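One letter stands for each residue in the lines below.
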Amino acid sequence: MRALWILVKLYVNSIFRFSVMRHSKDAREKKNAIMGVVAIGIIAVTYGFMSATNAASIFLLQGVSEAPFLLMCTMASVFALVMAFSQGSATLSAFQDFDTLMGMPVRTTTVVLARFLALYLVEAVYTLPFLLPCGVVYAIFAKPALWFYPAYVLMVLLVPVLPLIVGSAADILVGVAFAKSKHKKAITSTIKTVFLLVFIAGAYLMPRLTKRIFSDVEGISRTLSRIYPPAQWFAAASIGSVPSFLLFSLGSIALCALYVWILNRSLLWVHDRLTSGYHVRNYRLSGLRRHSVSHALLMIELKRFFDSTAWVLNTIIGAIMILLLGIAGAVFSKRALDILASVGMERAAGGILICVMIFCATLSPTTSSAVSMEGKRIWISKHLPFPAALWLRAKMAVNLLLFGPVMLIAATILAIAFRSVLHPADVLGMFLLPIAALLCSTVTGILVNANMPRLNWKTETEVVKQGGSVLIMMLICFGMVLVTAVPVLILRQGWVALALAALLMIPTVIIYCKLMRDAEQIRLNL
Amino acid sequence: MLVIRDLSKRYGSGPLAVDGLNLTVEAGDIYGFIGHNGAGKTTTLKCVSGILPFEQGEITIDGISIRTNPLEAKRIMRYIPDNPDLYGFLTGAGYLNFLCDIYGIDTQTRSERIAKYAAMFEIESKLGDLVSSYSHGMCQKLALIGALVQQPKLLMLDEPFVGLDPKASHTLKGVMHELVDNGSAIFFSTHVLEVAEKLCNKIAIIKQGKLIASGSMEEVRGNQSLEDLFLELTDA
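Protein chains in written order, with the working numbering: chain A, 1 to 526; chain B, 1001 to 1236.
Watch out, some of these pointers could steer you wrong.
Claimed, not checked - According to the in silico footprint, chain B covers these stretches of chain A (three or more CB under 8 Å from chain B):
#: 1; segment: 275-286
#: 2; segment: 370-380
#: 3; segment: 383-397
#: 4; segment: 459-467
#: 5; segment: 512-526
Bear in mind the hints are in silico, worked out from the structure with no lab data behind them. Predicted model only: the values in this text are computed from it and were never measured. Ideal placement from N, C-alpha and C gives every residue a C-beta, glycine not left out.
Bound conformation, chain A alone (with noise of 0.2 Å):
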């Protein structure tokens, strides 16, 4: 137990960096490691308001019933289980000081558990705030026993665990069957990226079905749970169902201690499977091209952005939905200016259309992570003679290839098929603005990982998706989204767009030039 609690602690500590708040002499780490969690409280309040609002609302217009519960689990099991794909094998079977822990005294089990546990604690982290303020809603309204506060949150904390079993189960199933394969990074990124489609398909439905709700809770409540039937046996529990509350509770402990069970089991299999590679038999050397330096590095970026399945997954996602916009623009553009005619925003289709693209264009930017994935390879780029601003250009090319083509791929499709209601103005502002908000968020990217670099990581998730940059570009973004988006829907203006463009270009040049003026003392200081 000592040993358990000792492992728990370390990589606790390890992903929420408590130690280098509490002890770093670095100021600038320190700073950093404080924002990353600010970031994330940022984030869980902003959740939280979501998941009470939600609440609230549906017991005012239908009074108290269990559906805001059975929303609310599910959004958060998703979210679990998207997290596990994306990140339980490395957590719980290919983890970095494998060698160390397994060489030392402690049980099988115990590593296993510990591992389960941390990363059981930070899915907690991100779906707490899901279905704690919707509990705290309906104790105002519904005045319940005293025995539904305790229960309510063992089942609150018991909701990561199912999604978190099959999401990582799943990712360590890809990460063996794989393991061998030349491709195995692109197979597991393609596949994850599959899976993550249909993960935004499924949240793109939820509003409809938050919509429906209000009209029809015993549709909406039979679909979840023929979907996720533990999603009802909590939001049934929630509401004092003595049956569904030892179903789901006992249910996910008991599946909970199998799962350790099979994974102790298998964990040097597992293990000796993912981190086992792909090997060329009688190599012969061949084939050396010169390239140019910027060519060199260029190519170093983009090699090193497809290799990380967390990464791509993080990132893509938004180049992806850029293509999908303009394929559904093209199918749906007569359906899409119906709809909004008969609400007489017919105008307002360029607009909506410019809005969603730099939505999608500056979800996640790839500069935000890309001197952190630099990782303790550092050394290499800090010591080789090559000017430290191709090295930062480099990094901003790969974010720009990722969505330029594709925007303007979909801008162009768009422009054809809204033609009918869209000026002239509108058509440029359509290009323009999504590609300066593009390029604002590139350079911005890259500034704020300058400045907030995690070089010390043990796992990419802990830079791409825990990262302070990230988590602190996403709210950046999101502002530059909002920023562009209130003018462009109220005025709907064409110049509005080509004026904010330019407005956004300026930040963007006075960001580049000091990323390129000061390039030099940006990579010594890293």
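Got chain A; can you put chain B on it based on the hints?
For chain B alone, kept in the frame of chain A given last:
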């Protein structure tokens, strides 16, 4: 080749990691740098290689200042850390080709040199594998080959023999001699005093960031063994 004048380096608000260090490495030198753990060896090497900024002093490589002209200085030197983390997402050949691109080495020369050193360190059949699948020793060999293909004027190595098998260690010693015979200089840190004693013509001993002895092996050591001298100086 390498001149360090009054070098001082501090991490954050901590004590000086390197304190007023003066040292000169000349062409043809194999210069050993020894000291306890945490004495400041790696910090010195990192300052010289342009990886770490430093508060005070001047470092020049072949007359070029690493502070004011880092790119030019880096072009003529190479540094290999004690535990080289390389680009795991590249193949061994891909990593070497990348380095050659950065140093502008033509295709013919890079092919010849890579083939030569890969054969010497016996990893030519592994160059098609991803670096992430390499053992520590193989990473060390790949990092060494990456430095040697450039034929640097100054080669700096941090604990180069750690992780190398006996044959590779022997090969490395031969390559070091070959390099200095061609007019380069080597400055390396080590804890293996027997190796330093046999390999180096000059030696420097550092303690708590300060240089406590430096010069030719004979001058510094006198009649004692290097081990006795080291213990005597560092325990004092």
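Status of the hints after comparison with the structure:
1. Figure legend: the segment 275-286 of chain A, annotated as covered by chain B; annotation consistent (7 residues with Cβ-Cβ distances under 8 Å, at least 3 required).
2. A count of 5 residues in the segment 370-380 of chain A with a Cβ less than 8 Å from any Cβ of chain B is obtained; the coverage claim is therefore met, three being the minimum.
3. Against chain B, the segment 383-397 of chain A contributes 5 residues with a C-beta closer than 8 Å to a partner C-beta. That satisfies the three-residue criterion, and the hint holds.
4. Only residues whose C-beta sits within less than 8 Å of a C-beta in chain B count toward coverage, and the segment 459-467 of chain A has 0 of them, not enough to reach three; the restraint is violated.
5. Coverage of the segment 512-526 of chain A by chain B holds. Counting CB-CB distances below 8 Å, 3 residues qualify, and the rule asks for three or more.
Against the hints set out earlier in the document, a violation occurs for number 4 only.
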